[in-house]
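> Make a model of the complete structure from these sequences and hints.
Protein chains in written order, with my numbering: chain A, 20 to 91; chain B, 268 to 680; chain C, 9 to 977.
Source of the hints: derived by calculation from the structure; they are not laboratory data.
Treat the hints loosely; a few may be bogus.
Said to hold, decoys possible - Here are the computed lysine-lysine pairs in the DSS-like style, where the Cα-Cα straight-line distance is at most 27 angstroms: (1) C:K131 x B:K355; (2) C:K964 x B:K532; (3) B:K532 x C:K163; (4) B:K532 x C:K728; (5) C:K871 x B:K673; (6) C:K876 x C:K728; (7) C:K886 x B:K403; (8) B:K403 x B:K419; (9) C:K871 x C:K964; (10) C:K166 x C:K260; (11) C:K876 x B:K673; (12) A:K78 x C:K728; (13) C:K871 x C:K728; (14) B:K616 x C:K163; (15) A:K57 x C:K728; (16) B:K294 x C:K560.
Treat the numbers as computed from the prediction; the structure is a model and nothing was measured.
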Amino acid sequence: MSEFVYHGEVRNEPDSETCSDSEWTDYVFNRSGIPAVKKEWWCHTPSNIWFIAERDTAKDHVLRTYLYGEGS
Amino acid sequence: MPLRLIRYALSSKHHEPRMFTTHDRMKSSYDVVIIGAGGHGLAAAYYLARDHGITNVAVLERGYIGGGNTGRNTTIIRSNYLTPEGVKFYDASVNLWKDLSAEFDLNLFYSTRGHYTLAHTDSAVRTMRWRAEVNKHYGVDSELVGPDHVKKACPQIDLSCAGHAPILGALYHAPGAIARHDAVAWGYGKGADMRGVEIHQQTEVQGLDIQGGKIVGVNTSRGYISTGKVLSAVAGFTPRVTAMAGFRTPIFVHPLQAMVSEPIKPWLDPILVSGSLHIYISQTARGELVMGASLDPYELHSTRSTLDFTESLSAHMLEMFPFLSHVKVVRQWSGMADMTPDFAPIMGKTPVEGLYLDAGWGTWGFKATPISGKTMAHTVAKDEPHPLITGFSLQRFADFALTGEKGAASVGH
Amino acid sequence: MSRLAHIPGEWIDRTQEISFTFEGQQHKGFAGDSISAALWARGLRTLGRSFKYHRRRGVLSLANHDVNTLVQAGDRPNVRADIEEIAAGGSYTAVNTHGGVAKDRASLIGFFSRFLPVGFYYKVANSRWLFPFWEALIRNMSGLGVIHFDRPVVKTAKRYAFCDVLVIGGGPSGLAAALSAAEAGASVMLAEENPRLGGSGFYQLGNDPARRAVVKSLVDRVTSHANIEVRLGSYAAAYYADYWVPLVDGNKMIKVRARSVIVAAGAYEQPAVFRNNDLPGVMMGSAAQRLVYRYAVQPAKTMVVLTANDDGYRVALDMIAAGVNLAAIVDLRAQDTDANLLQSLRSQGVECLLSCCVYEAHAGQEGTLSGVTCCPLNADGEPILAQQRFLSCDGLAMSVGWAPALNLLYQAGTSMSFQDSTQQFIPERLPQGVFAAGRVNGLYALDKKIEDGQYAGRQAAAFLSLSAELGHAPAAERFSPSHPWPIISHPSGKNFIDFDEDLQLKDFETAVLEGFDNIELLKRFSTNGMGPSQGKHSNMNALRILARLMGKSPQQVGTTTARPFFHPVPMSILAGRGFSPDRRTPLHARHEALGAVWMAAGVWQRPEYYAKPGKTRTECIAAEVAAVRSGLGLIDVGTLGKLEVRGPDAGEFLERVYTMRYAKLNVGATRYAIMCDESGVVIDDGVVARLTPELFYFTTTTSGAATVYRELSRLNTIWKLNVGLVNVTGARSAVNIAGARCREVLSKLCDLDFSIEGFPYLAVREGLVAGIPARLMRVGFVGEWSYEIHVPAEYGARLWDAIMETEPSIVPFGVEAQRLLRLEKGHVIVGQDTDGLTNPFDIGADWAVKFDKPYFVGKRSLKMITEKPARQRLIGFKLQSGFTGAAPQECHLIIEAGEIIGRITSIGFSAAVGAHIGLAFVPPTHTEPGQILSIRRSDGSVVQAEVVTRPFYDPKDLRQKEESSEAAA
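In structure tokens:
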């Protein structure tokens, strides 16, 4: 585990020029805290490679991993 | 020796009254439904009944009394926080703690041992001084002390921490205490039960009935209950409750692990915390060393244990206490900590009328048990936040008015 | 003396006699003896004292399933005498006695035990005033072994191992499992906690050599199989996710990553519950067998066997073979007894009392077992007291049932169900790749255990796609090896359930009546299973009692969670060698030679200052400051994060991550940089230098380097700008040479044009310094003319030496001097003058926030923040020039009208200013120069300070740059 760093769920940043205040603060502060299969940012620190892991946050099962933008 | 024990000893028939009544059925309606029969939920029920005369209350618990974080923490009680909001709140909690044993007629083993937050870097020394100064301002007994003071309280410690992280000073908080964690929930449960509150164990909340932005009822594994007020006091399950209510919060859930050693003859009087070494440790009256570290670094809704945790915590323990090499770790466990971005709780009203949150307790919920119960009871009864918790509102994030308790979190996160 | 003649397969080496002491008395045993076995052989019976009542305790399980016999072995507390081999010269004492195990004064507590019901601790001394005395009393009595505080740390090795199949347990089923998996081609590791293989296969014999022969052949095949690695004396301490199992032996941990795990951990024999079931001499049937077959020790002269299964009859046969006088077999059952075994015993003249119980055990003069009272059972299973009978004996073997060792299977996430036919939980749904075999599956007959092991081995092989053939699991046992209710109540109690915790039957009844009627609550209230043996011998009976009291089935009651560890693990084994690395710059040795006093800066070690003989810390730092101000100073700034971003979009990239503008920064120029997070909080700062149109070199704070680099990499993963980002922090060494004459010195080492025009303020140049390719930046952090020189790390020391040699008067300065120098200039240190909520406006960096850019991280949040009232501002202050006494310190508070209004973030005495100067957060209403602030010191006294403008020193920056040199910026 120690060579991986977690950076939370992949969240889509709203257009910061056009979104409402509440959309923005929802993006900045709020999280989907419920257990689910989530797309998450993980970094392999020795290689500094960021990738996306789809992980079940209830069971800690990583279902698949891929580079950002290559998932679907 | 108290009379009741003599009575117990002399009569094979006598036993103490039940602490919690078993209710075979739930009523169809309650004035208040509290989700979660941990320390916080039961304390809120207790104070609702005792202070506000509201006794038509159901406390719903999917597992058993005190089975969540109440029974999983390392039982440290302190009020040496950083922000004025935090200090006042936790100080009020400590003041309630001190008399709970007598109040419940149940010995919680509330043991004032003195609490040292060790500083291994000059920046940690600055933070400790900051906390000490804020604490003193609000009448909380904390001071920045030097390594000699630590050595006096714990002569066995290696102040150099194996040369890796010399102790430069500490925040000494004399009122720092530990308690028998389960008993706290039992005491509040007993007190609430005596006053007519119903505790329903093995009863899971499966949905909230919200109409026109107002709470009108709760769906449970044992049927529907109508109610106008619901208090959620479910720690790591908070996001599931708020999801049922249809709104999001900043809360994210990470596991927090701990471990305990076999009993050894008591030698460690104070409670020690080291942010740099990621340790907190105290010794129970049974002689066990109770040890914790920082949060697991990723979201997880599970109470699984990891080997890494015991490895790194043991390594750091031995830097500070090299002589513990042969002491055996007997058990490890984990809880689900509901973290917030500013390390302060989220308490009070929510976007849903009649739904109240007692959440965001992260790693600091146990010590807040009495005061969170008291202030949430007030908040629920009066439908307005208790003055001590206005700084902890959910709204603060949207207002960019965070509470900034991060510097007081015992172990570096 | 009760040592038997040679027993086939005995673990002792009779050729090696070993001397040791127990409780100060000299004893002898053989190599291979456990402490308990050696003492039992010597005729000792009281080997320990119980935790609470200090009752005499002897051998119970002889298998680490109880802690009756914990000893202090030198500096090691709580050593399991039952399994610890005697060491030559070893010195052992029973733990937690007052005056020795033989005459423990604390045993007086036992007389008061009726006043000490379960939960007793919760019911006394509830006053906050009384509690401390009560607590002191308890702390005085509690705990087990002692710590020797003068002992150095013990470092242990760790190893990683990988295998296809990890088999846990080297008994008959584990052996069979290992063989069948290995024969299918799997690489197998077999872990056995005992020093030898065979498990129960070598002691549950019923005096039948054929049974031994079957297991012996399995052992021989396993040990000679090329695909099987056997780890003896190694217990699987836990099961963690993804087949990750630490094997712990006497001095190390092997972390095994298996592809499949078979748990064949066997079962713990469970005690019968009757009055005085803890007297020394009362032991598990399997313990009696272990004494005989492992250590050739006769458990007692005269024994009664209390049984409820066939195992007990085999115990009886084994005891007879060991020369024990068998007084009787007392069988709780009326039927189901194996007719052959019964016949075999009766033919040897052994009295077999069916449907009969042991009602209580009696202690003789020595306090050890002298006899038992037996009673026939009526149809309801109640003892018929009128027909009681006394049987004289010094040993009682209990074989009334088992609890499967399901711990690891629980940890793996197995769901269990209660099997009525065997009265135990068995795995119902196993996780993928995890298998169970033998007694954990409810199979007790030797042939069934072997068959089940083979089946599990094949299952594992099939899971790994090594074979397709599965075969069948053996049929379930017909008769239960465990009695559903091996519990006899007694009005006087002392019928123990949990021997670790001294918990009696009535304690459970009381707890349930008080409302603790859930298995977890019962555990927590009674402390059942919370002692060092973690419920191995107590959880099953506790569950039975709760089920009966609640009128539920064991299935409905369920079990408590079996958390790691299986057996307790020493911290030295968990810690291993420990690994707390710190980073050192290439100049470390130079600093060391100069007398550096080190301080931690993130993961780095940096010189705080350089100690000089006869000078105090303050004097040393002041001298370093003075040298920079009036002469020349040199500081190692190599710990700064150093990054490069290269590519057509490099300018755009920096515009997005920092609050200022960089796209149009001139080549050869540098600019200050502030980084915010999404919420607008300042998280880092540094300097950006443009080396070419497409190459920027920039710095971060020391502690921020790794996280900033990582986060910037992540951001560009999203943005996909055409840039490459490299972290050269470790690859580059950097120094800052500061002082009026620094240009002069550098001119001697470098042929760059150091003229004002050629190398203006805030410019960056590349060139050779002392022949070393270098990047030079003219920056002004410390407020003098200065150059930051960055070179490849391998040349760092050479550069340092070259500068020092060129200008011998140059003074190396440390972090503390630098802090004061920058304070005089009013510069902010991120992390010291900012905290987790500080935004750029708070620190007066409004000028650095460029809202006219389309985007940067934190922009929207900062914009929203500008629309809200300001909370605080960082200002400069100074104390009165003549101030004497203890100066306020960083983080002292600013008080007004009894309220906290602010806080000092930096303070120091500035010789240049002639006063203490500092930075502080204050409300926006308190920022006007001349306003007076009241700073409260730790002792409560107040010091006045005056708000002043920053910088404190050289406000027009005349010392660090030529006048009107804004061009470069």
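> Among all the numbered hints in the text so far, which are the ones the structure does not match?
Going through the list in order, the structure violates hints 1, 2, 4, 6, 9, 12, 14 and respects the others.
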